[in-house]
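In order, the protein sequences belong to chains G and L.
Position one of the first sequence corresponds to residue 1 (my numbering), numbered consecutively onward.
Position one of the second sequence corresponds to residue 1 (my numbering), numbered consecutively onward.
Don't read these hints as lab results, they were simulated from the structure.
Hints are supplied without guarantee of correctness; some may be wrong.
As the list claims (entries may be wrong) - Coverage of chain L stretches by chain G, computed from C-beta distances (three or more under 8 Å per stretch; other residues unrestricted):
| no. | region |
| --- | --- |
| 1 | 12 to 21 |
| 2 | 47 to 56 |
What the hints assert, rightly or not - Covered stretches of chain G (in silico footprint by chain L; criterion: 3 or more residues with CB under 8 Å from a CB of chain L, positions within the stretch not fixed):
| no. | region |
| --- | --- |
| 3 | 7 to 16 |
| 4 | 19 to 32 |
| 5 | 35 to 41 |
| 6 | 53 to 64 |
| 7 | 76 to 86 |
Bear in mind the structure is a predicted one, so any value in this text is a computation, not a measurement.
We put the beta carbon where it would ideally sit given N, CA and C, even for glycine.
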Amino acid sequence: MTAIDANLFLAVAAIVFVIGAVGLLTRRNALVMFMCVELMLNAVNLTFVTFSRELDDIGGQVTVFFTMVVAAAEVCVGLAIIVAIFRRRRGATADDLNLMKG
Amino acid sequence: MSEVAQWVVFIVASSAAIGMAVGVVTQRNPVHAALALVGTLFAVAVLFVMQEAHFLAAVQIIVYAGAIVVLFLFVIMLLGIDKHEVLDETLPLQRIIAGIVGLGSLVVGAILLLKADAAPPVTDPDSTSRISGSGLGNVEHIGRSLFSDYLWAFEITSVLLVIAVVGAVVLVRRRSGPDAPEGREGLGAAGDAGGSEKARA
Chain G
1 MTAIDANLFL
11 AVAAIVFVIG
21 AVGLLTRRNA
31 LVMFMCVELM
41 LNAVNLTFVT
51 FSRELDDIGG
61 QVTVFFTMVV
71 AAAEVCVGLA
81 IIVAIFRRRR
91 GATADDLNLM
101 KG
Chain L
1 MSEVAQWVVF
11 IVASSAAIGM
21 AVGVVTQRNP
31 VHAALALVGT
41 LFAVAVLFVM
51 QEAHFLAAVQ
61 IIVYAGAIVV
71 LFLFVIMLLG
81 IDKHEVLDET
91 LPLQRIIAGI
101 VGLGSLVVGA
111 ILLLKADAAP
121 PVTDPDSTSR
131 ISGSGLGNVE
141 HIGRSLFSDY
151 LWAFEITSVL
161 LVIAVVGAVV
171 LVRRRSGPDA
181 PEGREGLGAA
191 GDAGGSEKAR
201 A
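So that you can see chain L by itself, here it is in the shape it has in the complex (with noise of 0.2 Å):
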């Protein structure tokens, strides 16, 4: 890609990050923030492949776009839209100081990049996790690096899978009864499903 296009690519998915950004916390809608959200991955994936972590940009619109966004918007649809949302605020001066905290930290932030100096490669020339001369591709390169270096943690993901999964069918699971908890069996259940998640972590 040229030099002309690349600037036009970055510049059009970084505003699109940033405005998108800003319609999920403006949007008084839920449904209009999670659809702003989509926007966000979708920019950010592209910067993804911009600087070439392509099997990252094409996980993130399969996870996040694909599975994160349509659970949240299932639970929308479940819940029914919430378009009441309480604006008065209950802390005095929130906004004011989120405001405060928020051009804080962009500052900060500004301060660091514009001070700090272009750090030296710090990976060593003959290590397997040098992207530059490995001659492998993206996808290649990180499969080995999960398989071999990160591979514990790829394992404790599993674990952490399964506990997600059984924690929230715990949560949402419906006492026996239409409305009113009938107390001992579902608490009992409930108690049993969290004993064998513990069992298996």
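Bound conformation, chain G alone (with noise of 0.2 Å):
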């Protein structure tokens, strides 16, 4: 078991979590912010393994498991959509997609 309190895990987590998501609100290429996102979960996995600890229970680290799974799985499609929408009009800049329609 690690000296280290469990409460300097978890401000390293949230401090994380924060970049990431002045990051999201700040960026403007899909591709960083969506790196952004990979951030905050991270850092919510993070707090999860924390907790799994604290708590005394596997459950926690089980969650991440799935958070992770799910992240795998975000990336997968969004990173298509990125490949499609910068197919039609040659760039992947947020603002420029403002319309459902291709």
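Join the two chains into one complex using the hints; note that each chain is given alone, in its own frame.
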């Protein structure tokens, strides 16, 4: 068992989450926005693992496993959408994508 | 590991995680952002190891650094690097508002962290999901839990992955003909694939 307090891990996770959220709100490039989402997912995973240790329950780690599966599926479909958009309009800037219609 | 060594590892890993996360947000070049993302994922994996989540640390490296970031890099290479990101704001004050939202959530988080009491373990002492005293290794314990308590969710994820793969293939597949969408057959086939995907779900 590590001697380091769980609160410190939670603080690191919160900071990484906020960095990801601010990046998601400010960046325009759809790919980088996706990376920021991954950052936020990872921060939450760290929180789950920390609570799993703190509460002495393996359920948190199993949940992180499922989160990773969902993240993989999400990236797969999301990047496919970005590629499809890029083919049509030569750019993946989020501000240009204000129509659902191609 | 001695306590000093643990502190050293923790400080290095957490500052790497935070610094690399800042890199993801601030780097102009998407390739550099992706590399910074790898750094963050690695540092988080180290933090996982520190909390004895060995299986998840390995999966983190294999799935995230090995697959997801490579997928990102492939897409960046495929699309060409988009260096001229438009930086003028279309929404007024967007950055400032984003900063305020970020700082506000950090303050709320800090208050919650400082005020919260340490939670008592809520798990029933006899429960199989307790980590201490189970006598199982981390991988074995997760495996047992996954195939007993979480079996249904585990099966559902297989459906999710099939849908994701089929969806990705349908989305990026070229309509017949180089650029002009010829309409009929392309759309029809896509509709068929969508139908079979629904049937499988």
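Verification of the hints:
Only when three residues or more bring their CB closer than 8 Å to a CB of chain G does the claim for the region 12 to 21 of chain L stand; here the count is 4, and the claim holds. Restraint check on the region 47 to 56 of chain L versus chain G: 8 residues with Cβ-Cβ distances below 8 Å, three needed, restraint holds. With 9 residues carrying a beta carbon less than 8 Å from a beta carbon of chain L, the region 7 to 16 of chain G meets the three-residue requirement, and the given coverage holds. With a cut-off of 8 Å between beta carbons, the region 19 to 32 of chain G has 12 residues touching chain L; three or more are needed, and the interface restraint holds.
As drawn, the region 35 to 41 of chain G meets chain L at 4 residues by the rule of a beta-carbon pair under 8 Å; at three or more, the given contact holds. Check result for the region 53 to 64 of chain G against chain L: holds, 10 residues qualifying (beta carbon to beta carbon below 8 Å, three or more required). Remark: the region 76 to 86 of chain G is confirmed as covered by chain L, as 9 of its residues place a Cβ nearer than 8 Å to a Cβ of that chain, reaching the required three.
Consistency note: the structure conflicts with none of the earlier hints.
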